[in-house]
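Asker: Could you put together the complete structure from these sequences and hints?
The listed protein sequences correspond, in order, to chains A and B.
If you're matching positions, the first sequence starts at 52 in our numbering and goes up one per residue.
If you're matching positions, the second sequence starts at 472 in our numbering and goes up one per residue.
Note that these hints are calculated values from the structure, not bench results.
Errors might be hidden in some of the hints.
Stated by the list, open to error - Which chain A residues stay away from chain B? Per the calculated CB distances, all over 12 Å, these:
no., residue
1, N95
2, G97
3, T99
4, G186
5, W211
Claimed, not checked - Some, not all, of what chain B presents toward chain A, calculated at C-beta under 10 Å:
no., residue
6, R557
7, R558
8, I562
9, F563
10, R566
11, S572
12, L602
13, M654
14, Y656
15, L869
16, L870
17, D871
18, R872
19, R964
20, G1146
This one's a predicted model, so the numbers in the text were calculated from it and none came from an experiment.
Just so you know, even glycine gets a beta-carbon here, dropped at the ideal spot from N, CA and C.
As a plain string of letters, each chain reads:
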Amino acid sequence: MFRLPPLRAVIAVALLATPLAAEDLPIPEDTPVLVVSGAITNTNVGETASFDYEMLEGLETRTFTTKTIWTDGDQTFTGVQLSDLMELVGAEGNEIKATAINDYAVNIPREDWVDDGPMVAFLNHGEKMPVRNKGPLWIVYPFDQKPEYQTEQIYSRAIWQLDRIIVLD
Amino acid sequence: MNLPDDTSTQSRTTLVQTSGAAAALLLCVGLVVWLAWLVLREIDDFSVANSDNLQWSLAQADVEFLQFRLSMKDAQDNPAAMEDVRRRFDIFYSRMVTMSSGRVFHTLRESVQSSAPRMRVLDFLENTVPLIDGPDEEFLAELPDLLEQSEQVTADVRAFSLAALSAFAEVSDARREGITELMIYIAAVLLALFIGLTLLAYAMFRLFRLAQKRADALQFASTRMKTIVQTSPNAIVVTDEVGVVREFNTAAEALFGYTRAEAVGRLALELMVPAETLARHQFGALAFLDEHRRPRPEEQHFEITLQTRDLHLFPAEVSADRAEADNALYVFYIRDISNWKEAEEQLTEARDRALAGERTKSEFLAVMSHEMRTPLNGLLGAMQLMRDHSLSPRQGDLLDRMQSSGRLLLELVNDVLDLAKFEAGKMKAEEAPFSINRLLDGLVETAQPLAQTYGNELNWRWCGVEGGGAIGDARRLRQVLLNLVGNALKFTRDGSVEVEVEYLDAARTEVEFRVIDNGIGIAEKDLARIFQDFETLDSSYAREAGGTGLGLGIARRFMRLMGGEIGAESEPGEGSLFWIRVPLTPVADVEADPEEPRDCPGKPKRPLDVLLVEDNEINRFIVREMLEGEGHSVTIAENGQAGVDTAALRRFDAILMDISMPIMDGTTAASHIRGGTGACAAAPIIALTAHALPEERERFRKVGMSACLTKPIERPLLLRTLAQVISGEIPAIPEDGPQAASAAQASAAAPAVTSAPASQSDLLDEARLGAFLSEVPRAAAGKLLERFFAEMDRNIAALAETSPEDPDLAPVAHQCAGSCGPFGVEALRRALGRIETQVKTGTLPEPAELEALADLWQQSRSALEARLEAA
Chain A
52 MFRLPPLRAV IAVALLATPL AAEDLPIPED TPVLVVSGAI TNTNVGETAS FDYEMLEGLE
112 TRTFTTKTIW TDGDQTFTGV QLSDLMELVG AEGNEIKATA INDYAVNIPR EDWVDDGPMV
172 AFLNHGEKMP VRNKGPLWIV YPFDQKPEYQ TEQIYSRAIW QLDRIIVLD
Chain B
472 MNLPDDTSTQ SRTTLVQTSG AAAALLLCVG LVVWLAWLVL REIDDFSVAN SDNLQWSLAQ
532 ADVEFLQFRL SMKDAQDNPA AMEDVRRRFD IFYSRMVTMS SGRVFHTLRE SVQSSAPRMR
592 VLDFLENTVP LIDGPDEEFL AELPDLLEQS EQVTADVRAF SLAALSAFAE VSDARREGIT
652 ELMIYIAAVL LALFIGLTLL AYAMFRLFRL AQKRADALQF ASTRMKTIVQ TSPNAIVVTD
712 EVGVVREFNT AAEALFGYTR AEAVGRLALE LMVPAETLAR HQFGALAFLD EHRRPRPEEQ
772 HFEITLQTRD LHLFPAEVSA DRAEADNALY VFYIRDISNW KEAEEQLTEA RDRALAGERT
832 KSEFLAVMSH EMRTPLNGLL GAMQLMRDHS LSPRQGDLLD RMQSSGRLLL ELVNDVLDLA
892 KFEAGKMKAE EAPFSINRLL DGLVETAQPL AQTYGNELNW RWCGVEGGGA IGDARRLRQV
952 LLNLVGNALK FTRDGSVEVE VEYLDAARTE VEFRVIDNGI GIAEKDLARI FQDFETLDSS
1012 YAREAGGTGL GLGIARRFMR LMGGEIGAES EPGEGSLFWI RVPLTPVADV EADPEEPRDC
1072 PGKPKRPLDV LLVEDNEINR FIVREMLEGE GHSVTIAENG QAGVDTAALR RFDAILMDIS
1132 MPIMDGTTAA SHIRGGTGAC AAAPIIALTA HALPEERERF RKVGMSACLT KPIERPLLLR
1192 TLAQVISGEI PAIPEDGPQA ASAAQASAAA PAVTSAPASQ SDLLDEARLG AFLSEVPRAA
1252 AGKLLERFFA EMDRNIAALA ETSPEDPDLA PVAHQCAGSC GPFGVEALRR ALGRIETQVK
1312 TGTLPEPAEL EALADLWQQS RSALEARLEA A
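Answerer: See the structure below:
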């Protein structure tokens, strides 16, 4: 159902042997779904830290259930906590700029990168999310757990169809 | 200013205002609560953002669809751009899917206008998915067709987003309108609240003003009250319910010696009531304070002894009451009445002294008058004797004048004696049966010579029902009537004097005597004056008519004594009417008084051998002269004992016995003579006395005396009486005399002897006691009574324990009975007499009878003491 472009396949094959570790990011074997660039210390592809689906699945993941204003009913999300991801890439800035496939972009300050805070979700109800339904990645906040997340600003930070993150100095 | 009404109106107005304001306030509070609820709900809505940036999303849908179309156009020229077409499709697809769910786009989905184009867009997407997911070649083949379709869809996307925008605008407008409405509500409520608060503030201000006004009024009243209390000349003490002093004014400070600061807070009882009174728990008039209650009306004014700080006691007059407020208060007005009390005591003492002085004076007068009569009698007697000697006409004339003056003097002395006795309170009305007819007969007879002197007719008659006997004081009644008749005769010349008598009621308990003359009369203005002492209307007349001016005064007193009235009516030149009204107890007409002079043989037929027992030398001389002048022989004895001794020696034809004598009085002597077996035991005994009361005469008769002559002794009467007793016309020994009396006493009850009835009580013979008290000077009477009480106490006690066989019984009983006599202790005397008789006749009295004596004596003694108290 999900078609990988030929370029992505090439890169994925090239990075296949690299083991997944905090210190040493492997090279993505498949088409990267997320590219982190900017003020980071841990990189794997050039100046960026790129992740394919498998790499993300290999990271320490979390799962929570919450409602959102864009969906109907409880949604269970599974993904990598933003703070963990930032730690992994060695983010040195105080803000990130997250950008979607449709070029929607939003800045998320460092104070949001906390434990039990937002995550970069890649599974909804245990299923991968297609681009046609806000996939492949969606930064979701645990809206129901913390009422302070139920504001327009936080809603605007809940960016879907995420594919790039730039850590700003 | 009508403060209370004003205040009440104000307070009513304020009340209305206040309640109105309160209602308004309540309404405001309700509005505020409602508003708060609305606002909170709104805040709740706002606190959670329900919308993302909608316009952006919708615009984005447009943009993303355009980008999709552009990518398709690119793909026509460059098939390598296929991947971009798929990505743009997916993005647009995601956008539309997103808008199909979630509450953010709820409004969008509800919008009818937007739903048709949206559905068409979704249909296009669903139809295109297989093409997009299909192989590139098929897609490229279909691309021109798809571009054409998408041109149509562009319009739908636009229509859909425009409709959605307008729907959102509507929602937004509605929401803004809601908020505006809410704002208006808030403004309205705020305004209402403001008005309510203003009203409330105004009401509060009014209340404050009113309270201030009241406080001022209260302050004023309080100040005024304080001034009144502080400036009161009487001590004012205010205590609370338990008696703790709360107010203590200046006068109280001065009276009690405590300062206000010292007194306030202390117990009034401890402060003002003497400690010993408190210790004994006798609060007396202050009991209500101790009992914490309101004093009853009769308890509100009282006199009490209070004490000052330096323990000085003083009598005080207190007015007290309890003010029933929230906290009850006692208010005491206290006045020191030491001076008043002292003055009162002095006044009482002075009055007592004056009264005592007055009484002493009266007593002195009584004694003097009494003592004057004896020598006066001597003088009159001597003058009468002088007539036995041959006198020249000139001497006879002089003797007449002397006798006339002497009689006037005697009359005067008797008047003064009556007056003095009355004033000394020693006079008691007698109660004895008498005949009204004989009284008036005697009156007319006595006054007849005087009537003739002035050429007047004198008569008496009954008006209405004729009556007869009555019980009363005949002697004084006669004296009063004689005085009135005498006056009438003296002030009438050649006229008539009429005495009328009439019963005023059917029961015959009140009798009126009228003395009517047709003489000179009395002017109206003088009528009241004539009953005053020493009052004579016309000195020339008085001189001519004679008299002391005491007559009517004495008459007035006598009438008062008898419970009657006296009065007069007169018309100058026409005559006068004097009346007396007197209450009398009616009885059947009584027997002729044996003492009343009657037609009788003039003189004794033969010379008599007479024993004269008389202590007074003058009287002895006169009587002896009178008798010896008639040829009788006279033997003298100077006292009762000597009389008894002499009488025992030989038989005298008659014995003349004076009554008051030293050593032994006449009555005793007579009873000894009668009681003895001497020569004269049956001889006639004639009593000579200064003034004999009816009961005394009764006594004389009881001891066996034959007759009684009143001093001054008139020779004709003396001779006539002697003749009567010698002839036996008057029995030598009265029928109810000693012998008969023994029998009478033996029969125990027969009161035949008592012409003087026991009046008030059976225990006492009032007449006899009265006589004793009026005759015997007070001091002497006191001593006699004292001796009597002591003797009786002793002897009666002894008698009560004596056995009936005791030989001493009769003498002791006799002695006691004799002692009882003068004091009128009648019941006891009779009981004793009965016992004596029983012993003498050999029938022994019952022991119970003896024992009863003690009781009888106690009763008699109490009655006697009560009577003496009253006297």
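Asker: Which of the listed hints are not met by the structure?
Answerer: 4, 5, 12, 13, 14, 15, 16, 17, 18, 19, 20
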